Structures are given as structure tokens and as C-alpha cells.
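Engineer: The primary structure of each chain is shown beneath.
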Amino acid sequence: MSKGENGSGSASSPFEELRTKYSKDWPAITGARLLTVRRFRDLEPIEELSSDNTAVVVFGSFARGELTSGSDIDWSLLIDGPSDPAHLRVAQEVRRVLAELNLPEPGTTETFGTLASSHELIHHIGGLRDTNQNMTRRILLLLESRAITNEIVLDRVVRGILNRYIAETSISWRGRPDVVVPRFLLNDIVRFWRTMAVDYAAKRWEQSDKKWALRNAKLRMSRKLLFVAGLLICFSFELNPPADRDDIVSDAATMPPKLSDFFLGQMRLTPIDLLSQALLRTDRAETVADVMDSYDAFLALLGDEANRQHLEDLKFDDARDDEIFERVRALSHSFQRGLTDIFFNGDDMLRNLVVKYGVF
Amino acid sequence: MRPIGFSTGALAKADFQSGIEMQRSFGVTAVELSALRDRELMPLLRELGKLNLQGFSHVSFHAPSMLTDLNEGALLAALKDIPPSWPIIVHPDVIETPERWRFLGQRLCVENMDQRKPTGRTVSEMETIFSELPDASFCFDIGHARQVDPTMGVAIGLLQRFRGRLRQIHISEVDPYGKHIPISFAALCGYQLVAKLIPRDCPAIIESTVDRAQIQNELEVALRVLTEEPKLELYPARGPARSL
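Just so you know, the sequences run in chain order A and B. Using the working numbering, the letters of the first sequence map in sequence onto residues 1 to 360. Using the working numbering, the letters of the second sequence map in sequence onto residues 1 to 244.
Source of the hints: derived by calculation from the structure; they are not laboratory data. Computed from a prediction, not measured in an experiment: that's the story for all the values here. Nothing false has been slipped in among the hints.
Under 8 angstroms between C-beta atoms, here's a sample of chain A residues computed to sit facing chain B:
hint, residue
1, 152
2, 153
3, 156
4, 159
5, 253
6, 254
7, 256
8, 257
9, 258
10, 261
Where a beta carbon is used, it is the ideal one built from N, C-alpha and C, also for glycine.
Bound-form chain A, shown alone (with noise of 0.2 angstroms):
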């Protein structure tokens, strides 16, 4: 989805609301977001590859406005109408781009770096069909990901996935719904999460040491901040109900694409900035400092081109006296107490959310 200039989708973004209500710079954040900006404009050779009913799509921390230094480019050739054969030569075209902007490759599972097709993306939600490569593009879609060319045929999938997701969940309400969270999507983010940590570990198994820290780290704050997004996306019908609420539960037949829009809207936020709107809620400065000093640190650290090459090749078994891994795990501890506070803490609409949505 499209994210504003300060990739957050509006020229004054929840992220800077905070940031001035608490006379914060946290100055890694606040890099990592103008350097995507930057690195947005490099890829403007890509926009000469548009074609109709295709948009290349970027993921990671790209979509999210979190770049730094040593970051890779996660993309797909997102493809949402006939077939056409040239489509592969297009995708091969991206990566010659990439390549020449020097923008290191996509990770060795294929999940990115090639083409995606929306048949699968809105059809195949759950059952057999629906891989663990399938989800995972799916899921990022929804969550973190920007076109860089045709960001109209994005938004037309996104609302696709999203209407079959909220229209599975209209009917359980029975007629206007009290509260609305969509809750068989609040199911497949809390499914993406669990499987990125399941998957974290049968890489340590398949692959053995090779940037098993840097995922380690990335698990504990990056990913999980994913996650917190999402259910901040799946309760902000209720965090944040809009001027139209009760219109748009009015009528069952238009409810799904009217939630589907709002939910859109929704995800045009960078994670950093959802969890800004929440953090705006909450209103306390401890858990501000927990979840906001600890994420900025943690891309400082890795924007930091050694601590990163170190974070790469650390062994698991050398982890356990390691000082950057060390100064991670306390980032991630502080990080996991803030959004802690955040959601069982600080705002009750939120916590009676999560006990009641989040739990069983």
C-alpha cells in the first residue's frame, strides 16, 4: 500500500505526533525513514516497467520506511489479470535493475524476487492450498508492502484479500454488529506470527549458523512489531472507529467493501506509525520510552554496518557471550515490556480486545 513521503502515508504522521508530544528525536527511526524515501527515488527505472493488471511490489523494510544501510530488497511481480508470458521477462528485467542500483537479492526461499500470482493470494486463504509461501506473501502484502509501480493494482488485491476475509467473518453478526474486529483475519496474522517463529527455528535447524542472529534480532523486534501491527489494524475499527461507523455497519450487503476500505486505509500506516497511534493513546511516557528507545536503538544497531556483519556471522553457540547479541536481547526486553504495557496496561478498550479476541 502506499506510504506518504515520511513513508507513513500523511505529511503529519502519528510517528511525528509522538515524537514532538514527547520531545523525542529517536534519530535512527527518523533516518531509516528519510533514507527509504531516498532509496525510493533509485528506483524510479522500475516505473518503466508497468504494465497493465501487474505492479512490482517491495516488502521488508522498504515497505515499512525502516531502511538502513545493509538492508536487502524483498519484491514481488504482483500480477492480477491475464497471464502473459512476458510476464517473467519483465521480473527478470526488475532484478537487472536492482542489480545495477546494487540492491543485494532476496532471501533463498523464493517467497520474493519473482511473480505472484492474486489468484492464489485471494483464493487459497486456509485448507491445503494454502502454503506456507502463500501465507507469508499474503500476510506481508497486507502488512508491509508498497508498490513502486501500479499502486492501484496493490490496492485492488489488498481489498480483494480483505473482503473475503471480512465477508467470512460477516456472517457470524447477526444483523449490525456491536463490535467489529475481523476475526478470521485476526486468526491468520496470529497464525503468520506463530508459523515466523516456528520458521525461525527449522532455519537454525536446515541452515545452520549461517545469520542465525541477525534473524534471531529481527524476531524480537522487527517481526514482532509486524505482528503488533496487525492487531492494531484488526481492533482499529473500535481504537479508531471513523466518522461513518454506523453507516457502514448498517447494511450487510455493502458492509465488507466498506470495512475492506476502511481496513485499506488502515494499512497505508507504517507499523512504526500504528504503534505511534496506539502509543498517542495509551499516553504514558514510560512505555513510550520502552517500546520507542528500544526500536530506535535496535536500528541504530543495525544500521551499523559492522554490528550487522557481526550479527551475521555470530554462532548460536557463541551468542551467549557476545556483547552486540547481549545489548539485542536487552532491546527486545524492554521492547516486549513496553507493548506489554500497551496492550494489558495503559488502555482498557484495548486489553478487553485482546482478552477477548486475542486469547482463545
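With chain A fixed as given, assemble chain B onto it according to the hints.
Structural biologist: Frame of chain A, contents of chain B only:
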């Protein structure tokens, strides 16, 4: 009673006379005179006074969708000759200098676009256009809106946001390449979701490209879209609804 009929371009491309006559025997009450290519504009304008438009309670005029031979000034000068009661349907990307179009007031009827166009596709893009043309009216193209968003969220947004400006609708299915084709069952299901947001007296112009033998069927499908209640089994219930 809603005036309904075909675009002459959908039935007979540049042959507007045939486009009018082909539909007359089907009891339609609306027609859109179409000059989608700018080379079609002058021949149509020259014949305007001689056209037999009896029986059509609603007539609209579709301006060229792309300027190749004409420039904006020449187009605007030509549009001055169109009878003042007819809305002039214009694609937003043809409007290069909005202030030059303001003299048309409500007669200027701006249409929402399909995915191929750079603007006019969504509520926010149309808002930008109407902010520069505050008196302009709105031609809602349901096929374009569905091509942009098959869930119909964009269509609902456009109809709710610009209801006060709505002057007529275009109806057809729009394929992935932007071609106007006959309305399929899948499109009909989507269209019925938003039909009740369209006032009952709002004129409807069918833009599906059909031949003479298909006119009656397409007219019936369009009427079904606009009059039947949506089928909620689009989202089929699995047994009785229960609270989770």
C-alpha cells in the same frame, strides 16, 4: 422512471446515426452521442441540429477521450455549440487547464476512470478534480469502478461522496484491458451491491459493445442490475448464523 439507453459509440462506433437508429426500436429513453476520437467530433457537431432525437428524454454528449488532432482550446470552442440541456461527459485526463472548463458549470460532467488512466480512478483522485471544478457534475462509470476494485468499495465510495453531483451513469463491464464488454454474471453481482445508491431517476447509458442481436439482452441485464436487490449469497452462509 429512469431514462436508459445506449451510447452510439458502443453500438456503431463513429456512425452516430446508426447508433441512434439501432436502439430506437427497443423502447429506450436515453442516448449518449459519442465522439470518443477527436476526429469524430466535428462530423457529429455538424449534424447535431438534424438528428432525430424524438423519444429520448435524456441526451448526453461524450467528448473525445484523447486529444490527438485537436488541442484543449479547440475542443472547448467546439463544445460551446452543444445544446445547454445536455451534459457533456469528459474524461478527467483531457482537462489540462481546469479554469478554462469552468464556464460549462454543471454541464461539464466528469467521469471516473479505469486503471489505465493516471487520475480520476478513486475518491481521492476525483476529489482533487472536483476541487478545481467545483460546479462540475459527475458521470459514474460503474464498470470503471469495478475494474479498479471488484469488491465495489471504490464504487460505494464514489457514489456516497459525489451523490450530490451525480448526473448520469455509464454501465457495462470493463475487461482487464479497459474494453467495454457485455455485463457478465460476476459483474452483475457486484453492481447490484451498489445499485441502491444510484437514485431511481438517474439516467443510465449502456456502454457495452454489442451488436444489434445483443441489444435486448444487454438492456435487460442493465435493468436487472439497477432494479433487483443484491444476492447476499455472494457470501454464502454455512447453515444458520451463529454468534462466534
